[in-house]
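*Asks:* So you can see what is in the structure, the chains are spelled out below.
There are 2 protein chains.
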Amino acid sequence: MTELNYVGHEMPRTDARDKVTGRAVYINDQVRPGMLHGAILYAKHPHARIKNIDCSRAGKLPGVKAVITARDFPPINIGFLKDNSPLKKDKVRSLRDEVAAVAATDPETAARALELIEVEYEPLPGIFSPEDALAQNAPLLHETDAKGRPLESNKLRLKWRFESGDLEKAKSLSSHHASGEYNATWQSHCCLGLSGVIAEFDQQKNLTMHSITQIPYLAQADYANALKDLGLHNSRVRIKCQTIGGAFGSKLDTHCYEFIAILLAFSTGKPVKILFSREEEFQALAPRQPAIMKISQGCDENGRLTYREVKMLLDNGAYTSWGATTPSVMISPISSLYQVENISFTAECVYTNNIYCQAFRGYGNPQATFCVESNLDQLAHEIGMDPLEFRLLNANRPDTTTPAQYRITSCGLSECLKKVAQGLGWEEHQKQKASNPADSKKLKGMGLASMIHVGGGARVYRSDGHGMMMKLDDFGKLSVFTGAVEIGQGNETVLRQITAEALGVKMEDVVLVTHDTDLCPWDVGTHASRQAFISGNAAIKCASKLKRKILGLAADLIECRPEELRLQKSMIYHVSTGPLGQGAMPLAKILKKAHFKSQGQMLMAETFYDPPNEMLDREMKGNISCAWAFGAHGVLVEVDTETGQVEVLNYQAAHDVGRALNPLTLAGQVYGGSMQGLGYALSEELILKNGRVLNDRFSDYMLPTAKDLPPITPIIVETFDPQGPFGAKGVGEPGCVPSAPAIANAVFDAVGIRMSRLPMTPERVLKALRQKNKEDK
Amino acid sequence: MTELNYVGHEMPRTDARDKVTGRAVYINDQVRPGMLHGAILYAKHPHARIKNIDCSRAGKLPGVKAVITARDFPPINIGFLKDNSPLKKDKVRSLRDEVAAVAATDPETAARALELIEVEYEPLPGIFSPEDALAQNAPLLHETDAKGRPLESNKLRLKWRFESGDLEKAKSLSSHHASGEYNATWQSHCCLGLSGVIAEFDQQKNLTMHSITQIPYLAQADYANALKDLGLHNSRVRIKCQTIGGAFGSKLDTHCYEFIAILLAFSTGKPVKILFSREEEFQALAPRQPAIMKISQGCDENGRLTYREVKMLLDNGAYTSWGATTPSVMISPISSLYQVENISFTAECVYTNNIYCQAFRGYGNPQATFCVESNLDQLAHEIGMDPLEFRLLNANRPDTTTPAQYRITSCGLSECLKKVAQGLGWEEHQKQKASNPADSKKLKGMGLASMIHVGGGARVYRSDGHGMMMKLDDFGKLSVFTGAVEIGQGNETVLRQITAEALGVKMEDVVLVTHDTDLCPWDVGTHASRQAFISGNAAIKCASKLKRKILGLAADLIECRPEELRLQKSMIYHVSTGPLGQGAMPLAKILKKAHFKSQGQMLMAETFYDPPNEMLDREMKGNISCAWAFGAHGVLVEVDTETGQVEVLNYQAAHDVGRALNPLTLAGQVYGGSMQGLGYALSEELILKNGRVLNDRFSDYMLPTAKDLPPITPIIVETFDPQGPFGAKGVGEPGCVPSAPAIANAVFDAVGIRMSRLPMTPERVLKALRQKNKEDK
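Top line first, the protein sequences correspond to chains A and B.
If you number the first sequence the way the numbering used here does, the last residue is 777 and the count never jumps.
If you number the second sequence the way the numbering used here does, the last residue is 777 and the count never jumps.
Heads up, some of the hints might be wrong.
[What the hints assert, rightly or not] DSS-like mimics (lysine-lysine), calculated; alpha carbons at most 27 Å apart, straight line:
(1) Lys240/B - Lys592/A
(2) Lys592/A - Lys205/B
(3) Lys270/A - Lys19/B
(4) Lys589/A - Lys228/B
(5) Lys541/B - Lys593/A
(6) Lys621/B - Lys592/A
(7) Lys205/A - Lys19/B
(8) Lys444/B - Lys707/B
(9) Lys506/A - Lys228/B
(10) Lys541/B - Lys240/B
(11) Lys240/B - Lys205/A
Hints are computed from structural coordinates only; laboratory data are not their basis.
These figures come from a predicted structure and were not determined experimentally.
Working from the sequences, and respecting the hints, build out all of it.
*Replies:* Shown next as structure tokens:
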């Protein structure tokens, strides 16, 4: 391959300057002419009938322009199973339920108006655990489904069941077994940018949503459906996003507050802004899906994995968002991490009166990997193998097919494991372990965990595609119209690198046009670690179309064949003379010559790239991604046996990324992911009591801060994926996937306790230590 | 042709609602974060050396962020001959010359700072008429040209000379002759929207101009050149326009104030807004080019025109903008209005210390047509022919070539003349004229004038092209990316009609993306009446590309040949069953089917349309437009012989527009044009004394108001031009072209005086009447 000018180089993020200097415009900063401010009244009970809502006093408050309830509009059903609605009419099912909303001239008036709304409830018994939800005679949260068909239990009508091989036979033939139950709880996304939206109708009743969504085009469809419910059948819905202050999956669904903004704008004829408080972020946004996971795994006498059986119970909360579909990704590590033939997996989602759940970086994978990798470690212990060797023995290999029918092409898992072990001083540690001073209060331990995740997009929607348009001006400046949403992951930078490289122009000459559904062709959204892969491939495809035109024009002018010409860093030159040779000329010169003549032309191109990904079939099988990302994390921890505090002393994070498009931003993804994984492992948890979030602020929700940062070493493994743009695979999510089991395994290594519940807070570690001591005695 | 759904229908303007309800955002309304306000100090003398500028006091005023003069920057040369600069360094040459500028936190502070700037001048003798400028020993305004070559006179180095046939021979063979001198003066554009700009650099020194230009892409090049002078060689220049409050040619050039805003933004690192006052609009913007025109024409004994000779002297003012190039359009009526073989035309532009001149609707054509048509009327009188018959005899015919090598294809001039005559009751009037009561104080008269103008674009720049991109979403909503600028003429409406018609979608599903050079492909600008023709043809070309793709997809689905399918109003149907027949399906359905599958696609298209127009050669010959617009205006006036007041009682305005794309907006163009022509004829004039504009406000500058509106009847003549979009030709400028001569000819008809100077104010009419009475006696 010829030398690359941008791809593979460390490039600072192109959006960084505006962000650090305060020039970036967030939803907080946005103001529209005549804009009103909306506010939402939430439920007072986790489960209750709404007897009456009296808005009369609120409506009379000066400055209040609208007070609305569900009774003011036709029914609007939203969410994955359409079991939710922007405002709740007859019943509330959780404390985050929206019962009324206000639009006023300023946020303070809106807040005061909320206090004047009187709601009369008839409280109902609540269900706050999935086990209780399944109990006989448990009260029904939803009496019917969206189509009015009666429901007989709190189970969701979603079938998550996967089988491959012969589980029972494998069990009987296995020499070693390990089983356990693992528990993961709610984790909040904690985006530093608050949630908000401005809904605005024009005079033709077309809707513009000034939004922060990760999925502009799916959101467009959701809003368009809601408008139909309002009788607006042909309104254009335009989504415009400005700078998004973090997403991590929290903006992968459309939210009640957004539809409420639409209803308020529709009612008042004015743009209406709703901006969340930090408390609302914790209380009313949907966090990571909790899971109760039962697992058993076995291996033969040589340590080869023989089977894996996983049963999950998921607390869906009161309504169904993407959280309920996380089993579709949990299946990845369960079916396909390490080589194991005989698999059984079932997952059951049940309604409770808790907060409902959403997508969160990894989309179920951190939960499942915690379960699989903790238990695998236990199995290695059972057979008495070194956990590293055990993993290397069973590691995925290139050019294999997994039980879920994933076709593994590039795979650097073994290399990741080896490099992590090397970075930790694994061998040394194993030798020294015996010499651990038994009477020390602080004990060191080392742990490993691997991961697999989609790395080439994921066909979770009927299209996994990405449209792109490019337009060159007379100065050689390129506009790239892309539906890709930058949520802080650095896609803007990498996409500019890929485009500049693929077309052969200077990176500073590439501008992205983004975040506007009127301007940018369709994209399924920023999720599933797909943007670098998908938009990158779209850029290569579109650029090559454009380049062909350019070289054709240049060849006509220079009188040679296009194949003899090269375009690099905005210079066109003959292959025989090179970029500095005679006859080399700036791209702009060719463009002007092509343009400034009778019947001239200007250079544009458009393309749509949809990867060869398959949808999961009914048996949860199918190659949903044409490339697979692997990685391994390893940690050295020190456990304080007096306080239960787990300190990470060394954190090695190796990822098979196919190709490092930008080692600098890639490292950023790994740092960020590891930190999020670390928080998930050790401190982050939304604490609910009777459906109420108790820790709804940063002083109570223990997000790791900069001072908690352990020494993280990102290790980049390049395997040059055949389908990836310049060989790259997705890496957006992987960073947070294997952290928790790696740490849990290190804790085991240090003090011999297997932490089965996340987060591993000092209290829980201490309790487990005491339990162990009691048992040991 | 099949029935059309949108083209040819009366459609209200799609931008009207926002404009009348105050939702439209003008430059006045625009605010950028951290924005400063700029203000300009103009010269105190029409011609003087700048000895010294002391900015120290101004700079100390709290709130002032920058005070700049030409001495703070490298030289920046701007304008058509590069004889102008944003700030003047050594010399001022007119009272509108910019000598210093200020940026401050608010406009009031900026204005106060201007008062604190002390400029020391050495006054020089001024030249205030073109004749004086040509006098021997006249002081030189410019000692050198832009390249530093010495200039020896005040004549511009621009050659305007046209010859065809044998003038002298034709003169000698002619039986009748008429000659005269005509005088047209400065007319101000009087846009209701004030001029303004916000210049803003990003942190990479890329420039965004929030602008009101008619020529975003030419302006982009101008600004980029200025940035190069500042040492910024690869900065991207982005032009973004919001609603433009009128243009009429005033925004066809880049202006000193815009470059000053750039310099202030460059100096302060902040966005800087400069917004003109109404006084600045009159004082510092460049008005219509005045002209002193000498003409003689002749005909044979049958009334057939034999020759036309025109000599012009143009007061260029102190610097050169587009005004100096108006002879390139004056040549149209001079060479090609009516059939006449032997032509001579010269025009000389000279520097004076007056205000410099710009493009204005018609671009020299109103001046030239006033001269040609007034004199032609005189010639008809000489030979004793009815002016209508004389014109009909000599009128242009389809499929002819004029001495300027214009290839006239469609031509409805005769029909226009006949319809105007009919609308006026011409024949009746001719009969009754004899019975005019001689002793009446108020005398009625009827006059006619014809016009020719480019109707299919005009290659005045090396490209007359227009790039376009289209993108369809899953809902069948279309985004059209167009460089066309809406300056109030209604292009947005017509372009949506054309697109909807050509593609076969509902008009409300078409949205235009406009006014942003980053988003919209290149267009040479909104001028030369070209947008409906050029962007319309681009839309047809682009839509047909898109339609081909759509019908191909639909044919695959329906299993038929694409030719058997039709797309109309967003429904696809088989030609055999019709739009309501079985199997007809909404476009959106096809689009979704094409998109939502593996390896799916979305529909986009791009195109560049450049008409087969030629550039004028050195002899001022060439078919600069592939279609030619014709028209004729006729008026009935009443002249009050006691006050000199001319009242228009009946105004018939017939235009050969090829095809009326939208009769409603077309009538708007004719009304507006006629009113502007009426003002030009009767009341509008910028009064200068020693270079100073004396009437710089609407109370003194006599713009006709709604109460001055005569009964104007637009008459649409359709000739279905072969090159035009759906047969249409340009009509943006024609409306104002023949007004003045039609009225002048009517005044002659009424009272026997030939008004040779515009405007025909009551004072001038009265003076001429008295002169005539004196001569008659």
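*Asks:* Give a verdict on every hint.
*Replies:* Hints versus structure:
With a CA separation close to 22 Å, the supplied pair Lys240/B and Lys592/A stays within the 27 Å bound. Annotation: proposed proximity of Lys592/A to Lys205/B holds, straight-line Cα distance about 24 Å (limit 27 Å). Of the supplied pair hints, the one linking Lys270/A and Lys19/B holds, its CA atoms being roughly 17 Å apart against a limit of 27 Å. With a C-alpha separation of about 17 Å, the suggested pair Lys589/A and Lys228/B falls inside the 27 Å cut-off, and the hint holds.
With a C-alpha separation of about 22 Å, the suggested pairing of Lys541/B with Lys593/A holds against the 27 Å cut-off. Annotation: proposed proximity of Lys621/B to Lys592/A holds, straight-line Cα distance about 25 Å (limit 27 Å). Distance restraint check for Lys205/A and Lys19/B: the Cα-Cα separation of roughly 16 Å lies within the 27 Å cut-off, and the hinted pair is therefore satisfied. At roughly 21 Å between alpha-carbon atoms, Lys444/B and Lys707/B fall within 27 Å of each other, so this suggested pair holds.
Simply put, Lys506/A and Lys228/B have alpha-carbon atoms about 18 Å apart, close enough for the 27 Å limit, and the pair holds. Between the alpha carbons of Lys541/B and Lys240/B the distance comes to roughly 26 Å, so the proposed pair stays at or under 27 Å and holds. Distance restraint check for Lys240/B and Lys205/A: the Cα-Cα separation of roughly 25 Å lies within the 27 Å cut-off, and the hinted pair is therefore satisfied.
The structure fails none of the hints (numbered hints given earlier).
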